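4 protein chains.
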Amino acid sequence: MILVLRTDATSEQIEHILERVEELGFEPRPIRGEFRTIVALIGDDNTPHAELLEVLPGVEQVHRILKAFKLASREFHKPDTIVSVGMTKVGGGNLAMIAGPCAVESMEGLDAIAKRVKAAGANILRGGAFKPRTSPYSFQGLGEKGLQILREVGDRYRLPVVTEVMDTRQVELVARYADMFQIGARNMQNFDLLKEVGQARKPVLLKRGMSSTVKDLLMSAEYILAEGNDQVVLCERGVRSFEDSTRNMLDISAIPNVKGQSHLPIIVDPSHATGRPDLIPAVALAGVAAGADGVHIEVHDCPEKALSDGPQALLPDLYDQVMKDIRKLAETFGKRL
Amino acid sequence: MILVLRTDATSEQIEHILERVEELGFEPRPIRGEFRTIVALIGDDNTPHAELLEVLPGVEQVHRILKAFKLASREFHKPDTIVSVGMTKVGGGNLAMIAGPCAVESMEGLDAIAKRVKAAGANILRGGAFKPRTSPYSFQGLGEKGLQILREVGDRYRLPVVTEVMDTRQVELVARYADMFQIGARNMQNFDLLKEVGQARKPVLLKRGMSSTVKDLLMSAEYILAEGNDQVVLCERGVRSFEDSTRNMLDISAIPNVKGQSHLPIIVDPSHATGRPDLIPAVALAGVAAGADGVHIEVHDCPEKALSDGPQALLPDLYDQVMKDIRKLAETFGKRL
Amino acid sequence: MILVLRTDATSEQIEHILERVEELGFEPRPIRGEFRTIVALIGDDNTPHAELLEVLPGVEQVHRILKAFKLASREFHKPDTIVSVGMTKVGGGNLAMIAGPCAVESMEGLDAIAKRVKAAGANILRGGAFKPRTSPYSFQGLGEKGLQILREVGDRYRLPVVTEVMDTRQVELVARYADMFQIGARNMQNFDLLKEVGQARKPVLLKRGMSSTVKDLLMSAEYILAEGNDQVVLCERGVRSFEDSTRNMLDISAIPNVKGQSHLPIIVDPSHATGRPDLIPAVALAGVAAGADGVHIEVHDCPEKALSDGPQALLPDLYDQVMKDIRKLAETFGKRL
Amino acid sequence: MILVLRTDATSEQIEHILERVEELGFEPRPIRGEFRTIVALIGDDNTPHAELLEVLPGVEQVHRILKAFKLASREFHKPDTIVSVGMTKVGGGNLAMIAGPCAVESMEGLDAIAKRVKAAGANILRGGAFKPRTSPYSFQGLGEKGLQILREVGDRYRLPVVTEVMDTRQVELVARYADMFQIGARNMQNFDLLKEVGQARKPVLLKRGMSSTVKDLLMSAEYILAEGNDQVVLCERGVRSFEDSTRNMLDISAIPNVKGQSHLPIIVDPSHATGRPDLIPAVALAGVAAGADGVHIEVHDCPEKALSDGPQALLPDLYDQVMKDIRKLAETFGKRL
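So the protein sequences, as listed, match chains A, B, C and D.
Reading the first sequence from the start, the letters are residues 1 to 337 in my numbering.
Reading the second sequence from the start, the letters are residues 1001 to 1337 in my numbering.
Reading the third sequence from the start, the letters are residues 2001 to 2337 in my numbering.
Reading the fourth sequence from the start, the letters are residues 3001 to 3337 in my numbering.
Hints were generated in silico from the structure; no laboratory data involved.
It should be emphasised that the depicted structure is a prediction, and the values quoted were computed from it without experimental measurement.
Some hints could be false.
Distance windows between CB atoms, simulated [stated by the list, open to error]: (1) C:2013 <-> B:1030: 21 to 29 Å; (2) C:2156 <-> D:3173: 41 to 49 Å; (3) B:1048 <-> C:2030: 25 to 33 Å; (4) B:1093 <-> A:112: 53 to 61 Å; (5) A:175 <-> C:2030: 55 to 63 Å.
Quick look at which bits of chain D chain C covers, simulated, 3 or more residues with Cβ under 8 Å [to be verified]: (6) 3130-3139; (7) 3222-3232; (8) 3292-3306.
Beta carbons are placed, not taken as given, at the ideal position from N, Cα and C, and that holds for glycine.
In isolation and in its complexed conformation, chain A is listed as follows:
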């Protein structure tokens, strides 16, 4: 950590700064420059309360040098983490192909979709039982009934299943049915929920919040890892921007950015990123080309009757086509589907 002092810092102020620095456990090394005095602090930037040095009279800037996350960092754990979701492996060259409807609506409905995505090559089935909807008047999901359907259909097609958990009180219930928890974008910083799934010892699909930086995402993963659960798959699903012709903006550089800093797998979700079926195929391919460990796509066989997010669902025929292209791409770059 480095403190830059104000040009008008008094010697009393400087003395007080050095005292506080030592109280926090750092060894201060002041350097008098041509225009400013700086103080380099020997010690750990993640020392509790180190950020408080910023408020000391006489301090103008504080520069942090170390990363704020540890367990999620590649420095801490060099090799790629491979997460096992049922028999599907994610990471280290293994691509997760997650597909299914936004919400579980009925046994027949999910069966029809699962059959198609399985045939196309999906290796994890998704479907929401608890739905975070912007409006209280929208369909909120089937709850436990939805979980039962998801489990049964997943077993029928030998697909492990992932579903969203929105509330700490649902964790136990969801764990009973699902192979993987999904933490949605709106809950990426619901820290109690992160702790709870961290203790549940099942893989977690952690989606990036709509206004979260890559660092924020890794800090949220750190919450789960800190509880002892290292089976975390990150998901880039687009962030809010001024562009109004798509639902969100996928941060494609987040893929290599995360992979450079962290050992955790990261997949892309072109469905939520774009909200537009006409753009999903190109963005899915872009994700894989950028090095993503998988693709999450919402598929529905009758979007016009979907109970949630129909407008962004891909038809099964189009999913077949995307999967063919993804397969070609995977082969080109030596990845396994």
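Chain A is fixed; fit chains B, C and D onto it per the hints.
Okay, now just chains B, C and D, sitting in the frame of chain A:
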């Protein structure tokens, strides 16, 4: 609702569109224009699943005409809602002056700060017992112990108290101690939590999410109102932007924007919006001048030893000064503090 | 165009609205709905001043139905436009591989870089002679000297050359030396400059502004096309966002988004999008996988001595590697390099 | 400037780093920390090419300590700069009230508006003769004819006049008629234009770009000051954001933020920030309360017939009302109108 059809929509497609429109309960009125055919739908835009019309083959655009929220809208409830927090009134010309430390740290610490903010004119005391921290390694709050201290100090200085609730499982506990729940920005779309405080029948301070639009904010308020609790105070606390010299960007136009559309009071939080004590006073005054129903400021008598967010806390002397200016402004525009 | 009237619109107001609508040349079709009256306007949304209907008393909303650009639209011109830059073709399956240093610094310097990028497979050479620098104290480019060097080196390696033009007064000079104008992100809405290059009848590389929507970009292209120049190549180079670990955020969905709406080619620029050599390769591949018609990469053989933007330049060896991967990708999807 | 080295930096790399540092004119002071080695550089951060140290092998981070602008900084020039526009003073407690139509349309039209805004208390008249329009098919301004009208009407009502200059070739012409140049948001980084008005020795109203940081704005001002022209008034007019109910988002904290760092006056433009007459009054008052040195408002007596930006124009009666409130506010805080 209005559908704009594609130029190449076939007559079969159009027939199917009209059928589905009627199934959903709308009366369709097609109009053949010079370049496009549109279909005006007589009926309620908030009809469940109406958004699905967007996916019908032959449909190019869907334009929504009615607002998506109702109970929170000024059309539904014309006069300003006045929320009572203990003996403090908020809205309708009554300004809430909420002040206190970011986190409750100790009885003595809170007492010293409460004494100062009360003297300066604050009428609601704040202090966090459960803290949503980006890092799992940061101070997470004193929990129930913090709530007890907050209650006791609030009573001592005759200040009603507000504190954050982060998890549905904490609602009952927090309700036992606090006069008002705070829903933080990160939980603005934690819908289970919104429902829970909606049922708790205590006033709620609902902070705008960092990437939420004004409409999203009002939809989240709608969740609380739909449970029967209309004691909601909104809070503009800044959104994420590319500007990197402040913590967030306060959307000052959200104040008149909300007041035009909704009857609910709205206050500003310059502390989280800027993250910089040197900018807080100007932004607080701007909020009041724009018509805000109050100001939320974090105050600490020793920011360099604060356990949370010290760098953005205002010193009590500066808070005195801001309050003097706010008082002048309130008088100029006939508001009550 | 559709007008939505206020619930409290008076009959005088409605009469006045209908009059103005007819004055502007539209035929109004009022439709009385359950909650609102709407007026459908038969005619061209791009009628001058049509946007003014928004301010008429009694009007609550105006919905535009037609696109605001025409010459740039795919409706107007169905097949992909292929732009010829010297002997290099861009679009319709032909990929532009634009590479070179940020700024032309010297004959020897440019020669060394051109030799390497040519060998790696680049087919257009770039290099700035006029540099838009945030600081007036930074290197501003060699001016005409730089143009001469660029031309000479381009001829030597049989590479057509592209260079930025920043000011209307430079257009004639730049046209004398370059095969293609570049309009930088900061000048995307410098409308006088757009008109000037529109008249110059040389291909134009038009970069998306940092806060421009896809529609804004196409409107700026329309300025050039409206002057009679249809040799326009668009460039997605990232927009401003809250993410602070990269220079900008590349909007990957802009590639299929533009290609759906417009016949113009569009390429990606991962150098400016990320500002980080470690992220450039992945983002370049993502662009090609998403359907981009080319890739623009800044290459420097000694970034630590570059006079401009050294930190984001790729070393020639790394450029070789990226080109190999791009070639594999191009073959997989049947594109020509 | 401070370099943070990689944990795996070799001794050859470190040696090379120290050499380059010295070549650039810095004196390096390496400090070996617990987790990282840093090198503090004694010297001027604004040394040309200092940013290049970032690319040296072995360097992980570069932290800049000094501001990148100088002439615009308050450190360089302590007292508030007061800019004289004709007889109107801006800054140091003097408020500029700039008002008028978006575009000059006709002598009668401008006369009618000027009469009203003068009566309401405006002290500078605005009106565009060259208009930057998103669409090439929109009204582009009257050109020199518009300048003549503006000058004549300004003289008639004894109001100095400000008008936009978009192109370097227009500077001389505009200078002949106007008392102050306006550089629009889209041209904030049109550096040739900045240099040109910097040499013209007339006051400049420099609007913040839609995706520019406060630092970017001050760097653009620096371009003008570096040419010898210190008569610069900055203007906060909103930036792009995800909020879609307003045209832009006014960064209210930019007012105290700029005033802390710079001696230049800064005003607000609620018209372009919001694009909505119903929000303009509140945002105008907020700006003054935050310490702005003036307010820029577009006024039109018949917005439904305005040739440009009618929907955001304020009616003269509403302008009267805003001016009354601004006057009250100015008195409360001891400012002069």
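Status of the hints after comparison with the structure:
| no. | hint | result |
| --- | --- | --- |
| 1 | C:2013 <-> B:1030: 21 to 29 Å | holds (27 Å) |
| 2 | C:2156 <-> D:3173: 41 to 49 Å | holds (43 Å) |
| 3 | B:1048 <-> C:2030: 25 to 33 Å | holds (28 Å) |
| 4 | B:1093 <-> A:112: 53 to 61 Å | holds (59 Å) |
| 5 | A:175 <-> C:2030: 55 to 63 Å | holds (57 Å) |
| 6 | 3130-3139 | holds (count 8) |
| 7 | 3222-3232 | holds (count 3) |
| 8 | 3292-3306 | holds (count 4) |
Hint violations for this structure: none, all hints satisfied.
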